[in-house]
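Peer 1: Okay, here's what each chain looks like letter by letter:
Protein chains: 2
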Amino acid sequence: MSRYAIGLDYGTNSCRSLLVDLDTGEELGSIVFPYPSGTLGILTDPTDPNVARQNPRDYLDGMVAIITGAIGQARATRPGFDPAEVIGIGVDTTGSTPIPIDAEGTPLALKPEFAGNLNAYVWLWKDHTAHAEAAAITGTAARMRPQYLAKCGGIYSSEWWWSKIWRCLKVDPGVFAAASSWVEHCDWIPAVLTGTTRPDQIKRGVCAAGHKAIYAEEWGGLPDAEFLAALDPALMDLRSRLYDKAWTSDTKAGDLTPEWAETLGLKPGIPVAVGAFDAHMGAVGAGVRPGTLVKILGTSTCDITVLPNEAGLADVPGLCGVVDGSVLPGHYGIEAGQSAVGDIFLWFVNHLVPDSYGVTVGEKFTEMERRLSALRPGESGLLALDWNNGNRTVLVDVRLTGLILGQTLHTEAHEIYRALIEATAFGALTIIRRMEEYGITIDRVVNTGGLAVKNATLMQIYADILGKPLQVAASEQTCALGAALFGAVCGGTVTLGEVQENCCRMREREYAPIPGNEAVYREIYALYRTLHDGFGIEGSDCELSQVMKDLIAIRQRQRS
Amino acid sequence: MSRYAIGLDYGTNSCRSLLVDLDTGEELGSIVFPYPSGTLGILTDPTDPNVARQNPRDYLDGMVAIITGAIGQARATRPGFDPAEVIGIGVDTTGSTPIPIDAEGTPLALKPEFAGNLNAYVWLWKDHTAHAEAAAITGTAARMRPQYLAKCGGIYSSEWWWSKIWRCLKVDPGVFAAASSWVEHCDWIPAVLTGTTRPDQIKRGVCAAGHKAIYAEEWGGLPDAEFLAALDPALMDLRSRLYDKAWTSDTKAGDLTPEWAETLGLKPGIPVAVGAFDAHMGAVGAGVRPGTLVKILGTSTCDITVLPNEAGLADVPGLCGVVDGSVLPGHYGIEAGQSAVGDIFLWFVNHLVPDSYGVTVGEKFTEMERRLSALRPGESGLLALDWNNGNRTVLVDVRLTGLILGQTLHTEAHEIYRALIEATAFGALTIIRRMEEYGITIDRVVNTGGLAVKNATLMQIYADILGKPLQVAASEQTCALGAALFGAVCGGTVTLGEVQENCCRMREREYAPIPGNEAVYREIYALYRTLHDGFGIEGSDCELSQVMKDLIAIRQRQRS
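Residue numbers (our numbering), protein chains in the order written: chain A, 1 to 560; chain B, 1 to 560.
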């Protein structure tokens with residue numbers, strides 16, 4: 001008899017499923033469902049570019065489509081496949097993506113009286129309307145509860161839970177008043193599948209709670225009433241309609257209802273795991289464990305590792321995402337990231353690469369990679385900072401911008417592209433060094449995401465700069481895979497270690513640092529740090545006058 | 001009766017003439033002669049990209065063509081024009097461009113035994129073979145004669161007189177031994193026209209001598225024998241075959257010989273002025289006087305002003321070209337410059353501007369200028385350093401490189417182009433401020449060169465950043481005009497002031513600073529200086545961490 005699990009991964013523009021064989025790791029079905037509402041699934045407001053909302057209807061329609069579709073594929077792939085052998089379901093989503101719900105757990109957006117009122121819809125992670133509220137929360141916490149800020153890197157973001165809910169209260173008190181409670185997208189989907197959508201029933205995940213809602217056991221759950229009252233008494237009032245405890249994803253959110261089982265073609269009563277965010281589930285799907293850093297390399301990056309609770313962990317400056325249990329139960333989940341990686345390359349190719357490299361974006365990238373792979377480290381004399389979208393880890397500062405230095409009258413686009421790749425790798429190294437300074441040893445780096453799979457040139461540069469061998473996860477759906485593994489585990493019949501061992505495969509091609517390159521990059525990284533600290537850290541003492549000269553010296557050496 | 005003068009301007013790839021009416025300033029004839037030898041007039045060595053030589057034959061052929069051609073044009077333009085009313089000839093050339101000559105003043109290159117030996121040809125200003133010799137001269141001077149370095153900004157260049165001659169001695173002792181003497185291009189042409197080419201007859205110009213050959217009256221002319229012997233005894237020996245005194249260009253080099261008068265169709269015996277470099281003559285042609293800065297805006301810039309000798313002048317740090325009489329007699333000639341201006345824009349358009357702006361370089365510039373002229377100062381949030389080709393004034397450091405800062409994920413090419421224009425203007429302002437700090441007041445800025453004439457957008461940005469009204473010289477041949485004016489003056493019948501007043505016209509369009517823009521640029525210039533000093537000056541104490549944030553604050557203000 002086989003054992004399968006299904007993972008559901010809700011992204012920004014679409015959701016997708018993965019049906020996996022828990023003994024072999026074979027992926028039998030995977031369906032993508034693009035959200036039909038709005039533009040690429042996002043509801044926008046022409047008068048305010050900061051607005052980004054979603055329609056919860058898309059989530060439900062997508063859920064049915066991707067589960068039944070994956071089952072159909074599995075039947076086609078494996079004769080004799082029996083959906084009754086699916087032993088659990090797991091869910092991950094974007095976040096913080098809060099939804100206002102009524103007393104039954106129905107999103108207000110689905111109720112006729114709120115039709116077309118975007119404030120009643122889902123507040124997508126990338127909604128940036130709440131910057132004033134974020135600043136006020138940061139200011140109030142700095143004054144009253146500095147411990148709240150320590151856990152999130154010193155700044156509470158406009159993308160997060162309380163900012164958005166408070167924003168709703170301010171701009172649309174009617175919606176706020178109509179909401180019995182609010183729920184993260186990743187908590188609502190398991191609640192729907194298990195018929196536990198009443199606010200007092202929903203099992204909230206610690207991942208979303210800890211990262212976005214200032215939840216921690218050490219201060220008794222959510223922020224205390226006095227603090228919330230200082231923001232607005234209505235938020236204090238809301239607190240009692242939220243939750244006291246949040247759960248790890250090896251916990252069962254509930255059992256699949258007979259109705260949903262029928263609709264989806266699954267066995268009723270199978271367990272559905274407590275939900276979590278996509279990156280965290282992706283790390284699990286990529287085989288995260290102590291000593292392993294999982295890097296999700298996309299338009300931005302998310303870097304995740306874990307540390308057993310018994311190892312103990314001080315607050316790490318600039319590491320804004322340390323939450324107990326957010327990735328693996330019994331471990332601190334440690335999350336870092338770079339605000340823009342692939343986005344920097346896309347910006348560059350779209351705005352600054354002439355057609356002599358090719359006409360389409362793809363052609364330009366291909367030709368630039370061909371030419372830059374012939375360069376030696378340091379040969380261009382260029383050095384860049386990867387801050388076009390600010391710096392998340394370790395500086396936690398959105399008011400930083402990009403920098404390119406070392407240009408001559410002969411500098412070409414592919415040299416700058418290489419310098420930008422190197423800059424993102426130096427940024428990645430800065431994160432790893434910060435972890436290691438605080439006792440979080442990294443001996444293995446597993447990469448996932450589009451760039452890891454498609455860009456071998458980039459991967460080799462990363463290996464040379466990080467000075468560590470790099471692996472690439474075999475699955476193209478590590479997030480859905482991680483969700484599926486928790487779906488399997490939450491029933492209590494298998495362990496996470498066992499299914500990770502079976503399912504988290506690596507690609508054959510690994511990237512080992514080339515010793516000569518590594519040595520040159522160590523020199524250049526010292527210069528990167530001079531710029532990084534100088535521009536990024538107030539009051540840092542930096543001697544800049546040798547930076548350009550040292551780069552020229554390295555350039556001359558590398559060209560000869 | 002009319003009075004005319006002819007100016008000859010020898011550039012890098014061609015020479016040109018100007019025949020001017022000294023009473024009206026009317027330009028009656030101007031001919032361009034592209035040098036026929038080599039590639040665009042330059043003889044190169046495929047095994048060494050630093051080699052750049054010229055054929056002196058081109059200078060003679062060109063001289064005849066451009067003088068007779070200009071006379072022909074004047075006859076056509078003005079019925080009754082009489083070449084006998086040409087009262088003098090003046091000459092400017094590139095430099096330092098030394099020529100090895102025999103005892104009769106014949107360039108070795110024209111002698112059959114040296115045919116094809118590039119070391120016997122003219123060593124063009126941009127020949128860069130002598131960098132080792134330049135470094136040794138700098139080192140020796142630092143040890144023995146620091147006063148020599150003070151006058152040239154602390155570094156003796158590979159482009160200059162002694163470096164090149166010493167290089168010739170090292171790589172081709174046969175040529176060195178065969179040379180009775182060496183002569184600057186600008187001194188040789190007047191000597192040819194006046195039949196004074198014997199080394200002991202040639203009247204050397206103080207412009208070339210002072211700027212390139214370490215000549216100064218205060219130490220008795222050329223570098224002393226002991227110093228030259230420390231370089232090489234053969235150079236000490238050469239010293240006695242050079243010159244003791246150098247002359248200003250209001251001095252007559254000699255009288256036009258009957259033979260040349262016949263060949264050229266001019267009156268024999270008219271005076272020919274002592275030669276000088278093109279930029280210095282160009283400043284005179286643009287109307288330089290105390291308080292007036294002339295900026296020649298091209299691929300690089302040359303900034304020239306003058307200060308009456310009686311005003312006195314200390315060494316100005318970073319101002320590497322102060323030579324008594326190099327521009328106007330009785331005045332310190334003060335020369336500064338930026339290593340790359342138009343060259344930076346050309347680099348950018350050729351390497352980093354996509355075809356969405358246009359297909360040709362011209363189309364791209366036009367479209368970028370259209371779009372950037374709609375931006376307000378600071379609106380892009382970008383800041384650049386204009387050091388792609390090093391920094392000549394005030395840092396005197398070739399080991400500096402370009403920098404662009406402030407990029408987001410939305411930064412576009414025309415915004416960067418504007419930042420590059422602004423960077424060159426900030427560099428220009430830095431030069432003016434340095435002058436003013438040392439008592440060289442600038443109350444009027446006259447611009448010449450391609451950028452000044454063609455790029456109104458750039459000129460307005462310059463006016464806003466320099467905070468001074470800008471004029472543009474009317475003549476497109478200010479160098480040849482300045483040479484012509486000295487040709488007129490050296491005969492002693494007219495004064496320079498008189499012919500400058502008659503001939504140095506300005507275009508109608510002037511550029512006045514826009515007060516609001518000026519204020520914003522003052523803020524941004526403070527940030528430019530932070531980067532300039534930080535990256536450019538050893539040991540400078542700089543707080544960088546506010547640079548990006550201040551630019552963002554300005555950007556937000558300027559966008560709203």
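In short, the hints are calculated from the structure, not lab data.
Certain hints may be false.
When chains are identical, the list treats them as one kind, so a pair holds in a single copy or across two.
Mimicking SDA-like on lysine to any residue, the simulated pairs with C-alpha atoms at most 25 Å apart in a straight line are [as the list claims (entries may be wrong)]:
1. 549 with 143
2. 549 with 299
3. 111 with 221
4. 549 with 537
5. 549 with 337
6. 549 with 529
7. 549 with 530
8. 549 with 158
9. 267 with 82
10. 126 with 555
11. 468 with 117
12. 549 with 131
13. 549 with 534
14. 468 with 352
15. 549 with 128
16. 454 with 79
Being a predicted model, the structure only gives us computed values, none of them experimental.
Peer 1: Each of the hints needs a verdict: does it hold here or not?
Peer 2: Hints and how they fare:
Proximity of residue 549 to residue 143 under the C-alpha cut-off of 25 Å is restricted to the inter-copy arrangement: shortest distance 24 Å between copies versus 45 Å within a copy. Taking the shortest Cα distances, residue 549 and residue 299 sit within 25 Å of each other only across copies (24 Å), while inside one copy they are farther apart (33 Å). Proximity of residue 111 and residue 221 under a CA criterion of 25 Å is satisfied in neither setting, with 31 Å inside one chain copy and 96 Å between copies. In this assembly of identical chains, the alpha carbons of residue 549 and residue 537 lie at most 25 Å apart whether taken from the same copy (23 Å) or from different copies (12 Å).
With identical chains, the CA atoms of residue 549 and residue 337 are at most 25 Å apart between copies only, with a shortest distance of 21 Å across copies and 31 Å within one. Taking the shortest Cα distances, residue 549 and residue 529 sit within 25 Å of each other both inside one copy (16 Å) and across copies (19 Å). In this homomeric assembly, residue 549 and residue 530 come within 25 Å of each other (Cα to Cα) both inside a single copy, at 13 Å, and across copies, at 18 Å. Taking identical chains as interchangeable, the C-alpha atoms of residue 549 and residue 158 lie at most 25 Å apart only when they sit on different chains, with a minimum of 19 Å there against 41 Å within one chain.
In this homomeric assembly, residue 267 and residue 82 come within 25 Å of each other (Cα to Cα) only inside a single copy, at 10 Å, whereas the closest approach across copies is 111 Å. Taking the shortest Cα distances, residue 126 and residue 555 sit within 25 Å of each other only across copies (23 Å), while inside one copy they are farther apart (41 Å). Taking the shortest alpha-carbon separations for residue 468 and residue 117, neither the intra-copy value of 50 Å nor the inter-copy value of 55 Å comes in at or below 25 Å. Taking the shortest alpha-carbon separations for residue 549 and residue 131, only the inter-copy value of 17 Å comes in at or below 25 Å, while the best intra-copy value is 41 Å.
Taking the shortest alpha-carbon separations for residue 549 and residue 534, both the intra-copy value of 17 Å and the inter-copy value of 13 Å come in at or below 25 Å. With identical chains, the CA atoms of residue 468 and residue 352 are never at most 25 Å apart, being 32 Å at best within one copy and 33 Å at best between copies. With identical chains, the CA atoms of residue 549 and residue 128 are at most 25 Å apart between copies only, with a shortest distance of 20 Å across copies and 42 Å within one. With identical chains, the CA atoms of residue 454 and residue 79 are never at most 25 Å apart, being 33 Å at best within one copy and 76 Å at best between copies.
In the structure shown, a violation is registered for the earlier hints numbered 3, 11, 14, 16, in ascending order.
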